[in-house]
Each structure stands twice: as C-alpha cells, then as structure tokens.
Amino acid sequence: MWLEPNETIVNKVQVLDETGKLIGSHPDVNDDELLALYKWMVQARTFDQRALKLQRQGRIGTYAPMIGQEAAQVGSAFALKKQDWIYPSYREVGACLVHGVSMENFFLYTMGHIKGGTSAQGTNVFPVQIIIGAQCLHAVGSAWASKYKDESSVSVAYIGDGGTSQGDFHEALNFAGVYKLPTVFFVQNNQWAISVPRSKQTASATIAQKAAAYGITGIQVDGNDVLAVYSTMKEALRRAREGKPVLVEAVTYRQGPHTTADDPTKYRQNGELEQWLAKDPLKRMKAFLIERGIWNEELEQVEFETANDKVTKAFEIAASTPSSKTVEVFDFVYEQKPSQLAEQQNSIQVEGVVK
Amino acid sequence: MAQMTMIQAITDALRTEMGKDPNVLVFGEDVGVNGGVFRATEGLQKEFGEDRVFDTPLAESGIGGLAVGLALQGFRPVPEIQFFGFVFEVFDSIAGQLARMRYRSGGRYTSPVTIRSPFGGGVHTPDMHADSLEGLMAQTPGVKVVIPSTPYDAKGLLISSIRDNDTVVFLEHMKLYRSFRQEVPEGEYTIPLGKADVKREGTDLTIVTYGAMVHESLKAAEELEKEGYSVEVIDLRTVSPLDLETIIPSVEKTGRAIVVQEAQKQAGVAANVVAEINDRAILSLEAPVLRVAAPDTVFPFPQAETVWLPNYKDVIETAKKVLTY
Ligand SMILES: Cc1ncc(C[n+]2csc(CCOP(=O)(O)OP(=O)(O)O)c2C)c(N)n1
Ligand SMILES: [Mg+2]
Numbered sequence: 001m002w003l004e005p006n007e008t009i010v011n012k013v014q015v016l017d018e019t020g021k022l023i024g025s026h027p028d029v030n031d032d033e034l035l036a037l038y039k040w041m042v043q044a045r046t047f048d049q050r051a052l053k054l055q056r057q058g059r060i061g062t063y064a065p066m067i068g069q070e071a072a073q074v075g076s077a078f079a080l081k082k083q084d085w086i087y088p089s090y091r092e093v094g095a096c097l098v099h100g101v102s103m104e105n106f107f108l109y110t111m112g113h114i115k116g117g118t119s120a121q122g123t124n125v126f127p128v129q130i131i132i133g134a135q136c137l138h139a140v141g142s143a144w145a146s147k148y149k150d151e152s153s154v155s156v157a158y159i160g161d162g163g164t165s166q167g168d169f170h171e172a173l174n175f176a177g178v179y180k181l182p183t184v185f186f187v188q189n190n191q192w193a194i195s196v197p198r199s200k201q202t203a204s205a206t207i208a209q210k211a212a213a214y215g216i217t218g219i220q221v222d223g224n225d226v227l228a229v230y231s232t233m234k235e236a237l238r239r240a241r242e243g244k245p246v247l248v249e250a251v252t253y254r255q256g257p258h259t260t261a262d263d264p265t266k267y268r269q270n271g272e273l274e275q276w277l278a279k280d281p282l283k284r285m286k287a288f289l290i291e292r293g294i295w296n297e298e299l300e301q302v303e304f305e306t307a308n309d310k311v312t313k314a315f316e317i318a319a320s321t322p323s324s325k326t327v328e329v330f331d332f333v334y335e336q337k338p339s340q341l342a343e344q345q346n347s348i349q350v351e352g353v354v355k
Numbered sequence: 356m357a358q359m360t361m362i363q364a365i366t367d368a369l370r371t372e373m374g375k376d377p378n379v380l381v382f383g384e385d386v387g388v389n390g391g392v393f394r395a396t397e398g399l400q401k402e403f404g405e406d407r408v409f410d411t412p413l414a415e416s417g418i419g420g421l422a423v424g425l426a427l428q429g430f431r432p433v434p435e436i437q438f439f440g441f442v443f444e445v446f447d448s449i450a451g452q453l454a455r456m457r458y459r460s461g462g463r464y465t466s467p468v469t470i471r472s473p474f475g476g477g478v479h480t481p482d483m484h485a486d487s488l489e490g491l492m493a494q495t496p497g498v499k500v501v502i503p504s505t506p507y508d509a510k511g512l513l514i515s516s517i518r519d520n521d522t523v524v525f526l527e528h529m530k531l532y533r534s535f536r537q538e539v540p541e542g543e544y545t546i547p548l549g550k551a552d553v554k555r556e557g558t559d560l561t562i563v564t565y566g567a568m569v570h571e572s573l574k575a576a577e578e579l580e581k582e583g584y585s586v587e588v589i590d591l592r593t594v595s596p597l598d599l600e601t602i603i604p605s606v607e608k609t610g611r612a613i614v615v616q617e618a619q620k621q622a623g624v625a626a627n628v629v630a631e632i633n634d635r636a637i638l639s640l641e642a643p644v645l646r647v648a649a650p651d652t653v654f655p656f657p658q659a660e661t662v663w664l665p666n667y668k669d670v671i672e673t674a675k676k677v678l679t680y
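As you go down the protein sequences, you meet chains H and S in turn. So the first sequence is numbered by this note's numbering: it starts at 1 and just counts up by one. So the second sequence is numbered by this note's numbering: it starts at 356 and just counts up by one.
Bear in mind the hints are in silico, worked out from the structure with no lab data behind them. Since this is a predicted model, take the numbers as computed values, not measurements. Where hints are given, some of them may not hold.
BS3-like cross-link-like pairs, simulated, lysine-lysine; straight-line CA separation at most 27 Å [to be verified]:
hint : chain 1 : residue 1 : chain 2 : residue 2
1    : S       : Lys554    : S       : Lys620
2    : H       : Lys310    : H       : Lys283
3    : S       : Lys530    : S       : Lys668
4    : S       : Lys554    : S       : Lys668
5    : H       : Lys200    : H       : Lys325
6    : H       : Lys200    : H       : Lys234
7    : S       : Lys550    : H       : Lys200
8    : H       : Lys12     : H       : Lys39
9    : H       : Lys234    : H       : Lys279
10   : H       : Lys147    : H       : Lys53
11   : H       : Lys337    : H       : Lys325
12   : H       : Lys39     : H       : Lys21
13   : H       : Lys53     : H       : Lys325
14   : S       : Lys676    : S       : Lys581
15   : S       : Lys554    : S       : Lys608
16   : S       : Lys530    : H       : Lys115
17   : H       : Lys266    : S       : Lys608
18   : S       : Lys608    : H       : Lys337
19   : H       : Lys313    : H       : Lys325
20   : S       : Lys554    : S       : Lys581
21   : H       : Lys325    : S       : Lys530
22   : S       : Lys581    : H       : Lys266
23   : H       : Lys325    : S       : Lys620
24   : H       : Lys53     : H       : Lys82
25   : S       : Lys401    : H       : Lys325
26   : S       : Lys676    : S       : Lys554
27   : S       : Lys530    : H       : Lys53
28   : S       : Lys550    : S       : Lys375
29   : S       : Lys620    : H       : Lys115
30   : S       : Lys608    : S       : Lys530
Covered stretches of chain S, as calculated for chain H (at least 3 residues, CB under 8 Å) [stated by the list, open to error]:
hint : stretch
31   : 419 to 432
32   : 470 to 484
33   : 586 to 599
34   : 649 to 657
In this text, a Cβ means the ideal position worked out from N, Cα and C, and glycines have one as well.
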C-alpha cells in the first residue's frame, strides 16, 4: 500500500469560535482559572507592546514581539507543573512569564545585560535559544534525565513553524520516540519564519502530522483559542508524563514584525493581517468571559492598568540596574580562569580598555 | 561611476555575475522576496526569477548540502548563511565536504561555491550573531576565506570568489555594510583572491589587519603620523591563504610589525601571521611582533561589547610598544 502524501486527516481542536462562543463542550476549567488565563494574556500583551515602544525609543535592543500568540503561549504554559521545564526560543515571553520568569529579567535580556540570560533559581526555564531548533534536543536530554532520575517532570521545547525544518527538530522527535521520553514539542505555527511562509517550509499539510513518522502522538490546536490550547496541553503533558512524547501544533499568527529590525510589509499579503486580527486571542476570550458574566469593561480597564503598572515597575528595576561591565565577561568562561585570561581581565580592570 | 555602500556593492556584484553566468544560483533564508535580512539580495529574485534566487526552508545544513550537490553538477552556488554565528549548523558541508571534494575525487569534482555571510561586532546584535569565526575557517585547507573592508573591494572580491573553482567563505562585516560610500565601477571587475592591499605606505612599522579593523588601524596610523611615525597598513582581504609576498617584504622594510584582528586572541588569523613573520623575517625584526585582538572570552552581551572590541586606541598603544622597543 502506498502511503500517499497528506492523506492523514488532522482535525484542529477548538473550544471557542472566533467570536468567543463555545463550540462543543465546556472544558474542565473553573472560573478562577478562566480569569487567570485571561489576565496572563493581558500581562503578556502589555509587556509586549511596551517592549516594542521602548525599542523604538532606543531604550532596549532588538526585540521579537509575540503579539497575536498570547493564547498559545499562556494556554500552554498555564498547563505546566512547577517542576516542568521550558526550553524556549526568543519569542516566548508569554510562556516564560507564566512559568515564573520576571519581567525585569526580560528587560535586562533585551538591554543586553549579562544577567538577562539567567532566570531565578527554582524557575525551570532554560536560557533563550538563538540557534533555531537546538532547544528541541536539549529538551530531549533533559527529559531523559528526568526519566532516569524517576522524577515526574516534562521537558517542553517551544519552537516555530520555520524551526521544524531544522534537522535538530527531527532528530529530537526521533530520539523522544525511540526512548519514550517525557517531552512535549510545542510548535507555534505563526505562519511566517521572518519572510518565508509556512507553505515554503514543508510540503506537509500540517506540522502535527509529522509526529506519525516518528511514532509519537501529534495534535493540531487553534492557537488563538486559549481554552483549546490549555486543555490540549494538559492532556499532552499527562501523556508525556507516562513516557509518551507529544507534538503539538498551535495554529496562530504573528501580528507584529519578526523583530524590531524587520519590515513585514515587504512580504505579507494584503488583507492577511486584518483576517487574523479578527481571530485575535484576547478579543475572543474577553467576549467569552463577558458572556459568562464574570468580566466587564470596568474590570478590563483595571486589569490593563494593573498590568501597565507592573510593566513600568519592572522596567524601572531593569533600567536602574547597573549596566554589566566588560570585566564580568571573563568570569563566565571557565571554572578556573587560565592565567592568560586573568591577565587580560586585569588589563581591563586597570585601564578600562583591552590591551 | 556610482557611490555605493558595501551592501550595494555586494548586490551589484551578485547581479553582475548572475547576468553573466546562468550557472550562478543564489539561495538561503529570506533571500527571495525579502531580499535578505540586510538587503544584500534585494531585487535579484525579481530580475532573475525564482529558479535562480530562492528561499530555502530554515535549515543551514540543508543549504550547505544543497550547494554540494549543485556544485557537483556544474552550478556555481552562492548560498547565504543569514549570520555567520550560525555556521556551526553548516560546518560539515563546508569543512567536511566542500573543502575535500577536489581531494576525495582525485580532482574529478571541484566545489565552486561561495558562501556569503554577515559577521562582526559593534552593531549590538543579539547573542550568537556577531562572532568573528574566520579563524575556524582559515584552519581548513581547501577553503579560501575572504573579508573585504571597502565597497570597491567587496564587489571585485565577490566576483572573483564566484568565479573561483574552489570554495570561498566570503565574510561581510555588518558594521561596514552601510558605514560609508565609495566610488564603485559599473559592470565587471575582479580583485585577485590571496592578494593583500597596501592601504598606506610607511617605513617605521607594518600593521597587518583585515575587515573592520582596517579602519581602526588607518585611524591609528594617522594619529601616529602626527607623532612622527611612518606606518604602513596592509589589508589582507584574503585571510586564507595569506599573501606572504606582500607581508614579508613590508616587514623586512619596516623591521617592526603588529597584527590587528577583531577576533579573540587565542589561535586565529593574527597568530598565524605572527608565526609566518617569525619564520620568514626574524632577522629583519627590531622588536617582537605583537597582536591587538579581543580578549579570550565568549563574545559579550551588547552592554559589554564596546569596551571588549579592539579599537584604534588599542592599536596605537600596541604600536608604540613595538615602535619604542
Ligand atoms: C540556526 C539559525 N538559523 C537562522 C536564524 C535566524 N532566524 C532567526 S528567527 C528565524 C525565523 C524563525 O521562524 P520560526 O521558527 O517560524 O519562528 P518565529 O520567528 O516565527 O517565532 C530565523 C531564520 C537563527 N536564529 N538560527
Ligand atoms: Mg514562525
């Protein structure tokens, strides 16, 4: 029997439609959780918009906005247990905030501060990965360790649609399948890898179906539907904890530029952004909460103000942190500093410039 | 003649060679519609079509492997690696495959591939974008490593690289992309690979350098001139293989030399230049040959970058040590 391309039928999981109406049954989420999910999305968006503005003012460096992907990031991270690990790419502010990274940490990172790469002890988030795809195998190694030590933590790799073209992604799915590791590969298919559309990354109709080739579970979810993402991720994590790795494809959209150095008008189709704005994740959840009677415009305003204050405070902390000095860089090369390196460090300390 | 930035000169070189030779293909991440993240391939897809200028899926090892196969079949691939900090993903294709193709096939196959890539510090890129990794490439026999320092050189050297029947890693310093303009002739012209350029003649000291450090060295030479020193500045342009025919006579003339590179000090191109000078001209030396280089740490986060990078003041200081030895 020939396995013809794209014969696998993949049904996208959806809980809310674009207007915020329930389709199908209500997931197992109580009102407190519903509100928490929304509030995290508000925080993520508020941080994101401020970061964009601060970059334009020259107060922080290059930034990769996540606007439009709040549901995918918040919904997935909200399902994690504290002991679970995130292996993030550079666009994961939303997910990382939910899992315990502080806002000031992200500001420090974008300001090019040496401390920006570390999150607080006890926060299981690996440093931001720049090399596309690399984090997938790191998550596999981490999952292996957790299996070996008989801990119940899951390692989650966050990656984009473009990243699924990298060899590392495929090697990671394969390893996870072979060794039955507690891993979730969470792909945010935001339709673009800088200027290259999803259709040019892969001939597969979906990214989710790639799981089949590696003998692991795959699922596609509406990534702008926070309830669908949350319930899907909860189930994915349950399976992963039993040694059954899962590939989740969250279908979403990058509403902003790739980074602050990018101009999407060069490649985006006319009308495309508008189409996706209609599916905005915050708008949809807000409508649902109002319909449910647990949210209103007044609460909305207060929530955005609270988030704004929080972001302001975080930026103030970051901005008043003494900048990192070149001499500090020498302390993070080896455990024991070779004499030549110590000599170079001294010359900087004494004279302020490299000799 | 037109005034061009280095990035415009690079685009112009690509356009010139694509127009001349239908076997020249340009591909990589975002090089098509977007024209490259630095706009080096701007307009080329429109002019030469999607068959000759195309976006690849996001995979550097894929880009490198594709170049190997295309080269075997007679094409002249000019792939772009979006930032040279990502070269590790394509290292096997370059150092393991392309560099050895001539040798392994007993000369039946060659690898006329030019890998273009931006690199270099001073522009506050995110982590892993800015490293000077030319030393890694220069240690690979079978690969030529070219680093232009001006728009004029960039065009002539890129055309030569594309026409060369061996693999060339062509590194473009990001800080130089738009920092100044220069007269660049229209149409084709070449600058031979492996040939250094004497940027400035002098009799007291030879500065051997390349890339962005050429400009720091020239500035240092001007300052030193005010103090009465006559400094010769040599821009290597090709860091592997080295142009010893230019370096050695210069050192024999001046009797003193320093080597300036942006890369970390350990191993690397400058160390190689010093060794060659010691091997070949030790009896002409009035002083030890010293290096100016970045410290042997990881390339730092943006806040620590400016002090970390070598600059003209460091060049002056080291030059004086050698001049007054
Ligand atoms: C190995 C490697 N190659 C290229 C890049 C440059 N780059 C950064 S982001 C990006 C596109 C990634 O797209 P996708 O995986 O879809 O994630 P998104 O940016 O959409 O979140 C590219 C090509 C990189 N950082 N690392
Ligand atoms: Mg993407």
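Does the structure break any of the earlier hints, and which numbers would those be? 5, 6, 7, 10, 17, 18, 22, 24, 25, 30, 31, 33
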